[in-house]
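Protein chains in written order, with our numbering: chain U, 137 to 626; chain X, 40 to 597.
Relax, there's no trap hidden among the hints.
Dumping the calculated DSS-like pairs for lysine-lysine here, alpha-carbon to alpha-carbon at most 30 Å:
1. U:LYS332 / U:LYS441
2. U:LYS223 / U:LYS556
3. U:LYS292 / U:LYS332
4. U:LYS441 / U:LYS551
5. U:LYS332 / X:LYS89
6. U:LYS570 / U:LYS223
7. X:LYS531 / X:LYS495
8. X:LYS89 / U:LYS364
9. U:LYS231 / U:LYS292
10. U:LYS441 / X:LYS89
11. X:LYS303 / U:LYS327
12. U:LYS327 / X:LYS89
13. X:LYS501 / X:LYS467
14. U:LYS254 / U:LYS292
15. X:LYS89 / X:LYS303
16. X:LYS531 / X:LYS574
17. X:LYS303 / U:LYS364
18. U:LYS215 / U:LYS441
With beta-carbon atoms standing in for the labels, derived distance ranges:
19. X:SER100 / U:LYS292: 41 to 47 Å
20. X:GLY138 / U:ASP271: 45 to 51 Å
21. U:SER508 / X:SER111: 38 to 44 Å
22. U:VAL435 / X:GLN126: 25 to 31 Å
23. X:GLY138 / U:ALA472: 22 to 28 Å
24. U:ARG459 / X:GLY138: 34 to 40 Å
Calculated from the structure, these hints are not laboratory results. All C-beta atoms in this analysis are idealised placements derived from N, C-alpha and C, irrespective of residue type, glycine included.
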Amino acid sequence: MHNLLQYTLSQFRAAGWCLAAVPGFQEELIMMSHYSFRFYLAMIAFVGIMLGSHSQSVRAEQIKLDAALAKPTMLAGEKGLNYLKVKLTGFDLPKASVRPPVNIAIVMDRSGSMKGEKIQQAKRAALAAIDRLRDDDIVSVVTYDTNVRVLVPATKASDRDAIRQAIEGIQADGNTALFAGVAKGASEVRKFLDDKHVNRIILLSDGLANVGPSSPSELEQLGLSLLKEKISVSTLGLGNGYNEDLMTSLAAASSGNHVFIENADNLVGVFNNEFDDLLSVVASEFDIQITLTSTVRPVRCLGNKADIQGQVVRIPLAQLYARQERYFILEVEVPARETGVESTLADIRVQYRNMNTHTTDQLASKIAVRYSDKPERVESDVDVEAKVLAAVQIAAERNREATALRDAGKVDEAKMLLLKNASDLDSIAGFSRKYNFVCPDVELGCTLNKVQSEEIADESKWLRNRKVQREYQNATSQQQSYGESGKRGK
Amino acid sequence: MLGWISFGLIRSEELNAKRQFSTLAEGRLLEIIRSIDDIMSSQLRNIQQKMEPDSRLPEASFPEHLMSLERSDPHVRRIMWVSARGQLLYPPSPSSNTGNEYLIYNELSLMARQRPPVPIAIRRPLASRELAYPNISRLQSTQRSVSPSDSKSQADSQTQQTSLPPSATATEQEASSLDSPWQVSYFDEGLQLVVWNVRTDGSATGCWLERARWIADLVANLPDVDPSTSDGATALVDANSTVVYRWGSRSIATDVPLAEASLKEPLAAWRLRYFLPESRSATSTWLRFWPWTLAISTLALALLTLGLYVTVATTQQLRLANQRVSFVGQVSHELRTPLTNIRLYAEMASRDLTSAEPAVHRIAERLNVIDSESKRLSRLISGVLEFMQGKSKETSSAWRSVVPDEIVHQVLTQCAISLDRSGISVAKELNANRPVEMDSDSLEQILINLISNVEKYAASGKSVHVSTAIDGDILTLDVEDAGPGIPQRYSKRVFQPFFRLDDANTSPSGTGLGLTIARNAAKSQGGSLELVPSKCGAHFRLQMRIRQSIVLNKKDES
Chain U
137 MHNLLQYTLS QFRAAGWCLA AVPGFQEELI MMSHYSFRFY LAMIAFVGIM
187 LGSHSQSVRA EQIKLDAALA KPTMLAGEKG LNYLKVKLTG FDLPKASVRP
237 PVNIAIVMDR SGSMKGEKIQ QAKRAALAAI DRLRDDDIVS VVTYDTNVRV
287 LVPATKASDR DAIRQAIEGI QADGNTALFA GVAKGASEVR KFLDDKHVNR
337 IILLSDGLAN VGPSSPSELE QLGLSLLKEK ISVSTLGLGN GYNEDLMTSL
387 AAASSGNHVF IENADNLVGV FNNEFDDLLS VVASEFDIQI TLTSTVRPVR
437 CLGNKADIQG QVVRIPLAQL YARQERYFIL EVEVPARETG VESTLADIRV
487 QYRNMNTHTT DQLASKIAVR YSDKPERVES DVDVEAKVLA AVQIAAERNR
537 EATALRDAGK VDEAKMLLLK NASDLDSIAG FSRKYNFVCP DVELGCTLNK
587 VQSEEIADES KWLRNRKVQR EYQNATSQQQ SYGESGKRGK
Chain X
40 MLGWISFGLI RSEELNAKRQ FSTLAEGRLL EIIRSIDDIM SSQLRNIQQK
90 MEPDSRLPEA SFPEHLMSLE RSDPHVRRIM WVSARGQLLY PPSPSSNTGN
140 EYLIYNELSL MARQRPPVPI AIRRPLASRE LAYPNISRLQ STQRSVSPSD
190 SKSQADSQTQ QTSLPPSATA TEQEASSLDS PWQVSYFDEG LQLVVWNVRT
240 DGSATGCWLE RARWIADLVA NLPDVDPSTS DGATALVDAN STVVYRWGSR
290 SIATDVPLAE ASLKEPLAAW RLRYFLPESR SATSTWLRFW PWTLAISTLA
340 LALLTLGLYV TVATTQQLRL ANQRVSFVGQ VSHELRTPLT NIRLYAEMAS
390 RDLTSAEPAV HRIAERLNVI DSESKRLSRL ISGVLEFMQG KSKETSSAWR
440 SVVPDEIVHQ VLTQCAISLD RSGISVAKEL NANRPVEMDS DSLEQILINL
490 ISNVEKYAAS GKSVHVSTAI DGDILTLDVE DAGPGIPQRY SKRVFQPFFR
540 LDDANTSPSG TGLGLTIARN AAKSQGGSLE LVPSKCGAHF RLQMRIRQSI
590 VLNKKDES
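I would like the entire structure built from these sequences, with the hints used as guidance.
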């Protein structure tokens, strides 16, 4: 049931983009005499599509880069904020070709709290995962309690029986040395670290780290360091007892997924989803660099850790899955100019490792901004997708603030913020409907913020709701392709 | 005593073992410390080399190089480049005065200011660096403890300065070698490490290592749980004694280390600790000295068994001796009573004979008593002898044709005098008035024993009821008194030799053999003697086998 819902959602999402493109295009044709510039844009898009489809049939698959400003036209004479969207779309894995091999470490919490059903389900999930691996994949299994044990050192998955046997022997007991578990898992992955493999650590925990470094910032730093080596950590939080800050920080910093699994029964399904992702990586080792014109000030990259040095913004991204759409929203402060001026805003360069062709490919794009003294012109030129996605990310950021407020005991303020979020997203939903643009994240975010605003004062539900919030925040900023997202609407 | 000695021995062996263990453990810790030092040194070389690649870069692209290193190297958190005058050349100052970036920048400039001093050759140009940016130092002095190693190395360099003559022609090799390229600083989660590298122009690059990463690297290179060797646990602890990583046995509480050693620079504030659980050390000592322990415990066990045996045996012997003494006493007493009577009556008879008018019937009476008492004496002696010789004596040869009631009459007449004296009346209900073949001696003996018991122990009842009956081949004799009775729980034990309900001196005299002898007699003829439960007094039932007698025999007998 759960999987079905997620599948439907992802289909829905994909369909949304198509719908957005086609009616928008028709609209352009009707109004082209009035808005020649938009026609121009549409033509570029059209040619782009033609080229894209052409290249599909002739050459190897490429990642698609799509950059746009939420307000391509800004009001003249005013300094203002704008949102730059950089979107990457993974190609479909060609049917004939084989997926890239994976190099994974399954790092499993086997502390005392995992006793019983949890450890059984965790073992079942790990065994199911092992079954999905190909012989040339590399796998290691690390368990941790008070101490760490490298149960299966990095080995080819062809040694399936021995790996299965080791997993079946896992028993739960002791404390939680989470940091060391990840450190050992990383060192196992590192043994076979190369650009042919998709490298991943899958961390499963139901508890708080209480042996060794245990703060979210320390795990975040470890995640950042691992990302530099192209190792991602996906964190699966089981039950209501784990430290969601730590688990989301680690996942977000290393460009991995984070899932809140309330019921151990869903563990096998979640592992499967994680593997769906893992086995469909089409590109990795991204270097996304946005160079802003000297007059434009970078403010922040919404939801993502970006390295902003001067005018250069670098965004880390470990991998892109097949058909995955991954976007980044950069908030920029644009200086005031007089009407009619059109100036370059940013240069975008993307370099990545194509896992299909095993080549390093490059993409580039240039973004310009125009100024007009007519507010209605500014309004009509708005890029629907960029505006909606920026709103989605802003809502997630605000949701983070709400969590912080609630943590500080400011329940009423947190509630107000969530309500504002819900109403903002509601109006964005109306806006996107007007342009036949469907984005499920808006609806989901709206419902979630509303439900959370109602329940935030309830102390008894906070332990769970905080995890739901963290999962939502992370899943939104990381644009996770899966998660227990059905829960968000509950 | 033996226990104390062995305890002392075990204790001293334990202490000895502990000392040996801790020496061994220290050796092991030093080995681990060396390996940690190797890891840190290789990281140091790696970073220094990356910061200053062999191929000379044009000065303009150097910040670009540092930036890309910072972005791509997983060990690097931040990189800084400080001019010879102490000015931060990289990173550029942040655009705003708030936020995390500003904090980090402040931290970097503090690190740059406190970086390890460089050797004399290039120290001169740096002399004014503290004066150049005095305002920064004041700005940064919030909640920070300057690392002790820093001031120490500063002192070291001062001594070096005096001992070494200034050399204007310092080679590049000398220039890039610092006293210690490490800088320790406390920020965020705790100890932070910075690697410094001095360039030829006197400027220096510093790399703030990613703390989480070098910890993870240490963890990755330290052992994990080894299920095969589970002796003890080792922990890497930070300056606050918080465990960073531990391995070995996981059930050991990490409170009192057996051995402890500090890491080398730059992690001198961190320590390695080796733990051995109390129980584990005891076990291993026990294991080491198990032959000793085994011998001692065996000895103790043997001693204990011996002691127990001696105690039990002695108790038994004592009881037996007591019983013998008591038996002898009782037998003597028993023998003396008829003897006294015999002597008394013999004296009286002789006095009667020497008197003026001897009364023949009185003399005959006295002789009767003498006769009966001597018979009693004879019975007593034969009973005791019989018991001493063997409990079961087949006397089947003694079968004769008798009328059981007549035997009973005889015995009761015999005992009439003593019964009279005790004030006991006899009621008879005799239904065995026909001749049968049986062991009449046994019947007589048993009945006498029973009656004498009544005399001795049930005189208070003032009556005894004797009945006989013949049922086929079985003669049943019942003797019921009205005395205090015998509790049911003693129904078996009363037949055991020397058993007496009350063995006090005040109790009536007796050998404690009467019932034993009686039962043995009954059993030897295939009969039985039982204590039958009754409401008042004691009720003994004798059953004996008989054979129907031939009339002829009766005639002969009569």
